[in-house]
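Starting from the given sequences, assemble the full structure and let the hints guide the process.
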Amino acid sequence: MTYSVTEPTKRQKWFAGTLVILYAIITILPLAWIMMTGFKTPPDSISYPPKVYFEPSLEGYVNLFTTRTRVSQETLENLPPPQNFAEEIVRNRGMVIAGPSKFGQRFLNSVIIGFGSTFLSIFLGTLAAYAFSRFKIPLADDLLFFILSTRMMPPIAVAIPIFLMYRKLGLSDTHLGMILLYTGVNISLAVWLLKGFIDEIPREYEEAALIDGYTRFQAFYKIVLPQAATGIASTAIFCLIFAWNEYAFAVLLTSGTAQTAPPFIPTIIGVGGLDWPAVAAGATIFLLPVMIFTILLRKHLLRGITFGAVRK
Amino acid sequence: MNSHKLATASVIAIAAATFANTAQAEELTLCWAAWDPANALVELSKEFEAESGHSMSFEFVPWPNFADRMLNELNSGGQLCDLLIGDSQWIGGGAENGHYVKLNDFFDTAGISMDDFADATVYAYSTWPKGTPNYYALPAMGDANGWFYRKDWFEREDIRAAFMEQTGRELAEPASQLELLEIAQFFQGREIDGNTVYGAAIFTERGSEGITMGVTGALYPWGFKYENTPGSYDMEGAVNSPEAVEALEFYKEFYQTATPPGYTNAYMGESLDAFKSGQVAMAMNWFAFFPGLYADPGVGGDKIDFFVNPPQNNAGSTLGGQGISVVSYSDKQDAALEYIAWFAQPEVQAKWWGLGGYSAHNSVLNDPGFEASAPFAGDFLVAMQDVKDFWQEPVYAELLLSMQKRMHDYVVADQGTAQEALDLLIQDWTEVFEDEGKL
Amino acid sequence: MSDKTINRVAKATPRRLARKVRGLSDRAITWIFVGPTIFLLLAINIFPLIWTINLSFTNFKANRINRAVDYIGLRNYERILTDGDIWLSMQATAHFLFWTIFFQVLIGFTLAWLINRKFKGNDIWTTIIVLPMMLSPAVVGNFWTFLYQPQIGLFNYVVAFFTGADPSSFEMLGSVDLAPWSIVIVDTWMWTPFVMLICLAGLRSIPDYIYEAAEVDRASKLRQFFTITIPMVMPFLMLAVLFRGIENFKMFDLVVQLTGGGPGSTTELASINLKREAFEKWRTGYSSAFAIILFVTVFGLASIYVKALNKVKER
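Residue numbers (this note's numbering), protein chains in the order written: chain A, 12 to 323; chain B, 448 to 886; chain C, 1281 to 1595.
Check each hint, because a few of them may be wrong.
[What the hints assert, rightly or not] Cut-off 25 Å, straight-line C-alpha distance, at most; resulting in silico cross-link-like pairs (DSS-like, lysine-lysine):
(1) C/K1501 / A/K310
(2) B/K577 / B/K598
(3) B/K835 / B/K699
(4) A/K310 / A/K24
(5) C/K1398 / A/K21
(6) C/K1501 / C/K1593
(7) B/K577 / B/K885
(8) B/K798 / B/K493
(9) C/K1501 / C/K1398
(10) A/K21 / C/K1501
(11) B/K598 / B/K750
(12) A/K310 / C/K1400
(13) C/K1400 / C/K1501
(14) A/K62 / B/K723
(15) B/K493 / A/K113
(16) A/K24 / C/K1593
(17) B/K835 / B/K885
(18) B/K577 / B/K672
(19) A/K310 / C/K1398
(20) A/K21 / C/K1400
(21) B/K598 / B/K723
(22) B/K699 / B/K672
(23) B/K885 / B/K672
(24) B/K835 / B/K577
(25) B/K672 / B/K835
(26) C/K1400 / A/K24
(27) A/K147 / A/K233
These are computed hints drawn from the structure, not numbers from a lab.
Structural data, given as structure tokens:
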């Protein structure tokens, strides 16, 4: 075996591995706790000492998707037997299901606004990135830096005039308004990332195509786009995650119709007191897609979070 | 004025509709806070749906976010809510900024008289400018801050004896603020049935209005006034009077010596939690919760009783409660007014009280059977006689936020003295009124 | 197949039109491609910015539509710069900024250095460590308030387990002394992986032959670390600090959910203060001025920093 100075020894590896795994476990603990709490009953969730072993229950999820009212014991006894497990759980707490909660609708809003703004950002961003990558644009560098600098504004600062503007245009608390806003914020990320991806595609392909009689647009559509597909996909996921997680604009500019999940989840309360299992259930449903995306994205993660500054 | 015209037009439409019964079926959205009475209102409203053909949907926001989100909604001219049960302090802004429809003409046409509602509630929930016959809401829910306690503990011989020994008097509902504190301190840290319990749950919340609502519960009985002469905005000597300083020091002592540990940011929900889990002997909270507490399987029934915020130099309770208004940005104002007309009927008001909503209608309150209808009903009448509200100015939000900050800085974060906190508060408020051109 | 079709179509197109399409194409396409983006940025970013600057010279209040609006010159700026509460919120921001960056750089770099020992399965563990930073700060922050509960919270319990203290004896979010640290802890938990990833990229960019050369020169490992590793990673690290700096200067969602600025005003960061002024007190003109001041501060600090960064890169 050849000796290498840069290859760590076995003991070093073992030591490093142990420390990193220890950190990983600590860091994942709060997330694991969220998911666990979602399957606890409310009393279990606030027991002391915190329960690690517990009988799993779907009460949190039932509470997340329903609204309930407390009824008297007699009413409860006179009701027909429960139709499903959800009713049974609720009745055991001396309550009846009054109707669906708003969570489903808020989650759907997140989906609509997230995907809508992602599609728009990618569509516009790809076009602009291609132009920045391939053509001479007067003041291109300044323009690019300017696009980036808009992300330095605290969201609340941007929200003040947007609030006034939307009030005038009737866009407050609408899906369209939120899609446009998130696109406006995301597009800088999209342009920067996509420009990087497109820069990496050799120009020769297009030039050959142009000589073959393709128009510019055809060359873009038929040559560049397929080549940039992975780049576009990972950029899209980044835009989606941003829109998905965004809180400040959502809490200030939406109140009901277009409210997304992040401002809604913290306001989930139970009947009399905070209902942590329901909050945890909502958080789990909301966070899980992002965790999966993160794992899928791991190769491009660095690039996405640094605006393409570090490409690895 | 625009909204005025609209109101007039809608009144005519309503009158026509009542006679011809050809009103279009609408889906109305009613916005309120998410709490027990809101669930009762959903129950009550089913009758309206059946009678009118309109359908109701509800947007209930938890209290800590309620003001923030609803005021934001109004200020952005949003159409989410057709009907809004807004907090009493919003009336000034609601009227002056044109968020609420003025209801005078509608009341006249629909035959609703404000004389049928308790004076204090009409004054607080409906009128702007204060006390003038300009109505922007119908009193929907009377409320005040009151107290409840573990009657079963108060009745136990061993506890009574211990209290007697320690204080030389019988353990009973407190007759003054100082007695209240004494009782709370007596329970603080005491072992009852193997659990350590604490004195009382009070309001200390920072984000919305919690600590202000709690502190004023001490300030008012000590004789606190916002102005030397009403309407003059001269606060020096009133807001920071020696009585006010004493009351504020009292509240801080209460917080430090008689509340559960970690009680730094508590409002309605935390107060209920603490009481229901058997952690505290007493708790302050809004009367609105009392029906739910009385019905609670764990600590309700025989185990609970209620009392009005005790007097000190005089009687005084912090006002809660709301009026119901029609939002001027709604395009279903006719149907919304129909709802109010329905809600104002004495029979509906009686059912409202039956379901746990505090009706402000005289026919309910003056009914001979009212006091006996619930263990807290009599207390409610007493409390409502001496209620005081926070500023209801259109700039109330600024005034409230300043008070939240100064009170929390002093009581919870333990910065400065009571005198300094109140002096700073006057400074803040003066600045606000100067910006308004009122000073 | 389709290529041929295109060719045929291209040939069939009248020459003048074809030249028009092709001749104009580059230029026209540039503007067609860039135009919508620029328009959107103007509408969502630039126009509002100009409007904010304009508002900052007025006494406008967005909740008082019927009130006359006056231009009051620099009065808003004057008030902000002389307001003690604003300075307190800037101090809170500085505390938060400094300590989060300090811990994240320290832990992030260490982790990256350890991961770079290339032990078996390191990429799986790296992915797990990265998870928190991709999640919604509002939702996660909200849940941390539960972990921080005095008795029942996991955080207090774990701390109590290792220190022997009573888990109800300290309150992370409610105590004046601990609250500023509670937000530092959560932010560090969330964003350390960000610094770690960037450092890792830096470490991996160092070619092996440099170490080999150092080994030939019999430089000690410690010496190698300080003369090769640190300087080579420095530009990456500084970039990470830039990003974290800008992000945490704007910090809003996480801390709002955790402490809401309390207790008192101990964790009231600049953004939270701004939100109170703008959307709770509705002092639109005043808060616009505050927003501009914040923007200029970030922009100025970032520009100076980028200059320094470039100098480090050149070395």
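A quick look at each hint next to the structure:
1. C/K1501 / A/K310: Not satisfied, since the Cα-Cα distance of roughly 31 Å exceeds 25 Å.
2. B/K577 / B/K598: violated (40 Å)
3. B/K835 / B/K699: holds (21 Å)
4. A/K310 / A/K24: With a Cα-Cα distance of about 23 Å, the restraint between A/K310 and A/K24 holds, given a limit of 25 Å.
5. C/K1398 / A/K21: Distance ~10 Å between C/K1398 and A/K21 Cα, so the pair holds.
6. C/K1501 / C/K1593: holds (24 Å)
7. B/K577 / B/K885: Within the cut-off at roughly 16 Å; holds.
8. B/K798 / B/K493: Given pair B/K798, B/K493 holds - Cα atoms ~12 Å apart, limit 25 Å.
9. C/K1501 / C/K1398: holds (17 Å)
10. A/K21 / C/K1501: The hint holds at about 17 Å.
11. B/K598 / B/K750: Holds, at roughly 5 Å.
12. A/K310 / C/K1400: Holds, because 18 Å separates the two Cα atoms, which is no more than 25 Å.
13. C/K1400 / C/K1501: Holds, because 23 Å separates the two Cα atoms, which is no more than 25 Å.
14. A/K62 / B/K723: Given that 25 Å is the threshold and the Cα spacing comes to 21 Å, the pair holds.
15. B/K493 / A/K113: Given that 25 Å is the threshold and the Cα spacing comes to 19 Å, the pair holds.
16. A/K24 / C/K1593: This hinted pair is violated, its Cα atoms lying about 31 Å apart.
17. B/K835 / B/K885: holds (22 Å)
18. B/K577 / B/K672: Status holds; Cα separation ~16 Å.
19. A/K310 / C/K1398: Given that 25 Å is the threshold and the Cα spacing comes to 17 Å, the pair holds.
20. A/K21 / C/K1400: Status holds; Cα separation ~10 Å.
21. B/K598 / B/K723: holds (13 Å)
22. B/K699 / B/K672: Between B/K699 and B/K672 the Cα gap is close to 19 Å, so the pair holds against 25 Å.
23. B/K885 / B/K672: Distance of about 18 Å is within 25 Å: holds.
24. B/K835 / B/K577: holds (13 Å)
25. B/K672 / B/K835: Distance ~10 Å between B/K672 and B/K835 Cα, so the pair holds.
26. C/K1400 / A/K24: holds (8 Å)
27. A/K147 / A/K233: holds (22 Å)
Hint check: violations occur at hints 1, 2 and 16; the rest are consistent with the structure.
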